[in-house]
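Protein chains: 2
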Amino acid sequence: MAAWARAVRGLLLDVSGVLYDSGGDGGVPIAGSVEAVRRIKASGLKLRFCTNETQATREKFVKKLQGMGFDISVDEVTAPAPAACRILKERSLRPHLLVHNDLVPEFAEIDKANPNCVVIGDAAENFTYANLNEAFRVLIGMEKPVLISLGRGRYYKETDGLKLDVGAYMKALEYACDVQAEVVGKPAKMFFESALAEMGVPPQQAIMIGDDIVNDVGGAQRCGMRALQVRTGKYRCIHTIADFQPTLVSSAVRSR
Amino acid sequence: MAAWARAVRGLLLDVSGVLYDSGGDGGVPIAGSVEAVRRIKASGLKLRFCTNETQATREKFVKKLQGMGFDISVDEVTAPAPAACRILKERSLRPHLLVHNDLVPEFAEIDKANPNCVVIGDAAENFTYANLNEAFRVLIGMEKPVLISLGRGRYYKETDGLKLDVGAYMKALEYACDVQAEVVGKPAKMFFESALAEMGVPPQQAIMIGDDIVNDVGGAQRCGMRALQVRTGKYRCIHTIADFQPTLVSSAVRSR
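Residue numbers (the numbering used here), protein chains in the order written: chain U, 3 to 258; chain A, 3 to 258.
No wet-lab data here; the hints were simulated from the structure. Some hints here could point you the wrong way.
Note that identical chains are pooled: a pair holds if it fits in a single copy or bridges any two copies.
As the list claims (entries may be wrong) - For lysine to any residue, the following SDA-like pairs were computed, each having C-alpha atoms within a straight-line distance of at most 20 angstroms:
hint, residue 1, residue 2
1, K165, T130
2, K48, G226
3, K165, M144
4, K165, N133
5, K146, L164
6, K66, Y158
7, K48, V148
8, K114, D180
9, K165, N128
10, K48, G163
11, K48, I89
12, K159, D180
13, K43, R8
14, K114, H98
15, K62, M192
16, K43, F72
17, K165, Y131
18, K62, L95
19, K43, S75
20, K159, G71
21, K65, G46
22, K91, D73
23, K62, K114
24, K165, H98
25, K66, C87
26, K62, V216
27, K165, V181
28, K159, N133
Go ahead and model the full structure; you've got the sequences and the hints to work with.
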């Protein structure tokens, strides 16, 4: 075992495509992953679930994973919406939300009257022509448009096929308003840093495990962490953009 | 009068925002513009209407303008859809169409079975979540995705407010598929060149008149033409991107 591997004290674990495959009925665990999480926890390693999930509150997300048998709780999850809420509060921003209905409760305590920014997430069916025009009008009406995007994913796979992810719609609004979005969630450096802070582990002693070469591997490496890419989830998709090389590649997350 | 102005033999005229303001009921002519078209024609100058209109066939578009009193016929109009059809035929491309329902007849003679490219126009209400995902899946399924965009406009104004234009949705698909769209229509050089060829006038002897600094002024100047920007149409919108300087600015198109 390499010296760096012996020094690892914390793991960041992507969830969708690493622990389970999403589908119409909520998804199924990837073989060996329930046991892998159990053994990581038993080993004494620190662990955080680091997800770009924005189609549900953390509560609902965790409940789904618990239902599949995973040992996981809400306070072990680092997700974009609560990270965005911290930014909104710090900067006194009042968002116009273009997000999934199931994510709205995460913003319950945020003042949304007379918006001075737009927050976009993977709104799925809420990405209607009318809603996109409305978010655009709010943005273009600002003296200095502020667009906060919960991730910058290009697309993802569901049981009924590939779907455009939040990044595509973010690009549409960026272009129309001539602004650059602030990305919250992977691969943003600040997002990994807050996950590391929550574990109390420095980047040199942590490893990110994910299926996405840009969001998981690239993001973690830019943060000074090592990264392991699993060959599950979107790894199998046709087009990959390979600006990054993972430290390790594994066929799946499983205990040995 | 400057020497170049005396040498002008042909005019390219943008339509929406220059000759009329679009609205829910079809639009109203801008004061003086009906008479201006009549006098340009009477002067012996060559004239072409050079539009990025993709929400209707040329027939329907011309009928609307005739209804407002303009002296205009279908064979005087240079528009993106017929230009795209020429490209599709030349390169044996079979399009999946993401366009406005009223534009579909322009593609009547084009083979659309088993598509090997995507053509995107200002689809308006057809920009649904389902239609965008479908166009994306067709593109990402190709070995080398080909995306043809009927214009690259950011947004435009209608009576009920600003709307995202085709360029925003083009950017979404470009990002998701990591491709660059081929733009047909203004400001593409080839589009101006074909309008000039149709008039039989070289760029040095032609002038473009439009309200859009990028699509009209910038596009024409890159083509070696001079350009006059009118202060009607979208000129009044809040955000303008000023990489280009018009040769002339005029308050409106009108005869003196």
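Against the structure, the hints:
1. When the C-alpha separation of K165 and T130 is checked against a cutoff of 20 angstroms, the pair qualifies both within a copy, at 14 angstroms, and between copies, at 13 angstroms.
2. In the homo-oligomer, the alpha carbons of K48 and G226 lie at most 20 angstroms apart inside one protomer (17 angstroms), although the nearest pairing across protomers, at 64 angstroms, exceeds that limit.
3. For the identical chains of this complex, K165 and M144 are inter-copy neighbours only, at 16 angstroms across copies versus 30 angstroms inside a copy, given an alpha-carbon limit of 20 angstroms.
4. For a Cα distance limit of 20 angstroms, the shortest separation of K165 from N133 qualifies both inside one copy, at 18 angstroms, and across copies, at 11 angstroms.
5. Taking the closest pair of Cα atoms, K146 and L164 come within 20 angstroms of each other only across two copies (17 angstroms); inside a single copy the shortest separation is 34 angstroms, beyond that limit.
6. Taking the shortest alpha-carbon separations for K66 and Y158, only the intra-copy value of 19 angstroms comes in at or below 20 angstroms, while the best inter-copy value is 43 angstroms.
7. For a Cα distance limit of 20 angstroms, the shortest separation of K48 from V148 qualifies neither inside one copy, at 35 angstroms, nor across copies, at 46 angstroms.
8. In the homo-oligomer, the alpha carbons of K114 and D180 never lie at most 20 angstroms apart, since the shortest distance is 24 angstroms inside one protomer and 35 angstroms across protomers.
9. Taking the closest pair of Cα atoms, K165 and N128 come within 20 angstroms of each other both inside a single copy (13 angstroms) and across two copies (17 angstroms).
10. Taking the shortest alpha-carbon separations for K48 and G163, neither the intra-copy value of 35 angstroms nor the inter-copy value of 52 angstroms comes in at or below 20 angstroms.
11. When the C-alpha separation of K48 and I89 is checked against a cutoff of 20 angstroms, the pair qualifies neither within a copy, at 26 angstroms, nor between copies, at 58 angstroms.
12. Taking the shortest Cα distances, K159 and D180 sit within 20 angstroms of each other only across copies (17 angstroms), while inside one copy they are farther apart (29 angstroms).
13. Taking the shortest alpha-carbon separations for K43 and R8, only the intra-copy value of 16 angstroms comes in at or below 20 angstroms, while the best inter-copy value is 83 angstroms.
14. For a Cα distance limit of 20 angstroms, the shortest separation of K114 from H98 inside one copy, 6 angstroms, qualifies, whereas the shortest one across copies, 40 angstroms, does not.
15. For a Cα distance limit of 20 angstroms, the shortest separation of K62 from M192 qualifies neither inside one copy, at 25 angstroms, nor across copies, at 53 angstroms.
16. Taking the shortest Cα distances, K43 and F72 sit within 20 angstroms of each other inside one copy (11 angstroms), while across copies they are farther apart (76 angstroms).
17. Taking the closest pair of Cα atoms, K165 and Y131 come within 20 angstroms of each other both inside a single copy (16 angstroms) and across two copies (9 angstroms).
18. Taking identical chains as interchangeable, the C-alpha atoms of K62 and L95 are never at most 20 angstroms apart, the minima being 26 angstroms within one chain and 46 angstroms between chains.
19. With identical chains, the CA atoms of K43 and S75 are at most 20 angstroms apart within one copy only, with a shortest distance of 12 angstroms there and 75 angstroms across copies.
20. For a Cα distance limit of 20 angstroms, the shortest separation of K159 from G71 qualifies neither inside one copy, at 23 angstroms, nor across copies, at 53 angstroms.
21. Taking the shortest Cα distances, K65 and G46 never come within 20 angstroms of each other, neither inside one copy (24 angstroms) nor across copies (76 angstroms).
22. With identical chains, the CA atoms of K91 and D73 are never at most 20 angstroms apart, being 31 angstroms at best within one copy and 58 angstroms at best between copies.
23. Taking the shortest Cα distances, K62 and K114 never come within 20 angstroms of each other, neither inside one copy (23 angstroms) nor across copies (44 angstroms).
24. In this assembly of identical chains, the alpha carbons of K165 and H98 lie at most 20 angstroms apart only when taken from different copies (17 angstroms versus 23 angstroms within one copy).
25. Within a single copy, K66 and C87 get their C-alpha atoms no closer than 23 angstroms, and across copies no closer than 50 angstroms, so neither meets the 20 angstroms cut-off.
26. For the identical chains of this complex, K62 and V216 are neighbours neither inside a copy (26 angstroms) nor across copies (47 angstroms), given an alpha-carbon limit of 20 angstroms.
27. Proximity of K165 to V181 under the C-alpha cut-off of 20 angstroms is restricted to the inter-copy arrangement: shortest distance 17 angstroms between copies versus 24 angstroms within a copy.
28. For a Cα distance limit of 20 angstroms, the shortest separation of K159 from N133 across copies, 16 angstroms, qualifies, whereas the shortest one inside one copy, 23 angstroms, does not.
In terms of the numbered hints stated before, the structure departs from hints 7, 8, 10, 11, 15, 18, 20, 21, 22, 23, 25 and 26, listed from lowest to highest.
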